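Construct the entire structure; sequences and hints are all you get.
Listed below are the residues making up each chain.
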Amino acid sequence: MRVVFLSWEYPPRIVGELAWQVQSQIERLRRKGLKIDLVTISDAGYYVEEPAPSFRITRITSPVSHHSTIITWMVSINTEAARIVADIYHSESDRIILHTYDWHFAPASSALKKALNIPWVASLYSLEQHRSLNPNSPLSSCIRTIEWHMVRECDFLLVRDEWMLREVRNNLSIDREAVVVSNPSAADWEDQVLQLYEKLVSS
Amino acid sequence: MSLSVLMLSWEFPPRIVGGLAAHVHDLSVELSRKGVEVHVLTLDFPGAAERERVNGVNVYRVDSYKYPAPDFASWIAMMNVNLLNYACGLLRSVLQRPSIIHAHDWLVAYAGIALKHIFRVPLVATIHSTEYGRRGGIHDDYQRMIASTEAWLSREAWRVICCSRYMAEEVNRVLGTPLDKIDVIPNGVYIENFQPRDNRAELRSRYALPHEKLVLYVGRLVHEKGVHLLVEAIPRILHSVDAKFVIVGEGYLKEWVKRRAGELGVSQKVYVTGFLDVETLRRLYTIADVLVMPSLYEPFGIVALEAAASRLPIVSTCVGGIGEIVSHMESCVCVYPNPDSIAWGVVQVLTNPGLAEHIRNNAYERVKSAYTWGRIADQTLGVYHRVLNEYKSIEGWKPRL
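Chains as they are written, first to last, in the working numbering: chain A, 113 to 315; chain B, 671 to 1071.
Bear in mind the hints are in silico, worked out from the structure with no lab data behind them.
Restricting the straight-line Cα-Cα distance to at most 30 angstroms, the calculated cross-link-like pairs of lysine-lysine (BS3-like) are: (1) A:225 with B:1062; (2) A:147 with B:1068; (3) B:939 with B:883; (4) B:1068 with A:225; (5) A:311 with A:144.
The following label-pair restraints were derived from C-beta to C-beta distances: (6) A:204 with B:1059: 26 to 32 angstroms; (7) B:946 with A:204: 55 to 61 angstroms; (8) A:158 with B:862: 48 to 54 angstroms; (9) B:947 with A:248: 38 to 44 angstroms; (10) B:1069 with A:293: 35 to 41 angstroms; (11) A:250 with B:759: 23 to 29 angstroms; (12) B:759 with A:303: 33 to 39 angstroms.
Note that the structure is predicted; figures quoted are calculated from it, not measured.
Every residue, glycine too, gets a C-beta built ideally from N, C-alpha and C.
Okay, structure coming up:
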């Protein structure tokens, strides 16, 4: 089994707290012997690193040089992410799982799941409803719609506490058993997540 | 195994924005007649079925407003997300894996490129026009984004198809695509659709008096099509010939055309029809006396083919691809892009029946021999086979078994 993480931030690209969360979670899962690929964004061109055995980082950049909004930028990045994940899928014999953070890589993950039957776990740390000063603006409405589809199309949605669970249910009108509360601060967090992966691979 | 193609186009009849819809429709139908399994993935249109079979072609229409978007480019991006998702489901359930993905223009670049990599299917792209050409240069970041997307699509495509040598050179110069990666395949026309019909006199009487010549313009009413030059030429033409000017099309210059005709004192001689249905337009070609194409930028010039198929004499600036279809005093009167020259050309054709007969017959024969859809589909099939042979011969970049 190989898990491909997709996150729009990872050190040194630090936008908020997510960069540290993703780094810490990947490290904990890697220590458990999981094979990991991370696809993340680079502002300094495309490059690949292998910082540790069974851990490869592919930093991608938009193939389009200018953008009108974050939407056009993110969709072009998603196309690149789909290319990288498809390359991993077609060249590795391992069973692959996708693990995304927030909305940024939802379009690529949804397509990869449909096309190649790759299971998809989505972690949700914040919602556009919380981040935006004007959640009803056309831009925020677009992002909220991406979130709306994401929580329905992923196989499991991970949230870190009961408050976030309520927020997801209230804002995205979802009442799925597939929403799992899994606090990364818990000592056995990695075991819970590994169990989830195993369940997806065996199903 | 038969050859199958997944066409991606943001327009397909009845959704018609420009010439792309007719191009993708006619090419798809002709390829299907030649035994290719053709699937067209396009956008929805009120009243059109989500899935249907059109003249042997499987058409799938995707909800284009699933996501709200802050601007046109973001809408295009999210529309591509819908196309991609729909195609992924389609390819797994109905279609299996097509032999070729064929994307038309930057508007479907994101979906075409993602599908290529996800399924490892070779991508062919037709670049019908460039942002650089449409805007007369790249002037702001919005245009830069579109041009950059066009360049990305061209890089990702195995082969790039352009409709004229002019466009091939533009794509080479502007997008950096090597010339040896580009195949020039012209647009086509079904000649049988442009033959004279009944009631021509009745139709003509709706547009012109019996003694008036009928001058036709067909195209978007935008700067690059040069309609403003024709309007300025009208008083100079009327100085020599009594004529009515029928201007067909929509665009941001529509109100300007009407206002300027008034300022020039020729309103009673100018009829701006707006958008016309295909059938009426085809009949108009057969009753007019001359077609004027005063374009400043023209990647191909499909209107010239339609006029030639209708045996309608053409006066044109012969820019871009038009100059590859017709030649001066043989199959067209070529003029300079200014009102004096355009007026001179129109008067030449309207006052010299021998010249009009000569150029229209030659243009008709030229279209009949080189621009039929059967021939164009054969050339397109040649590109597909070349791509597939190269794809089969390379090591690697094959789908996981």
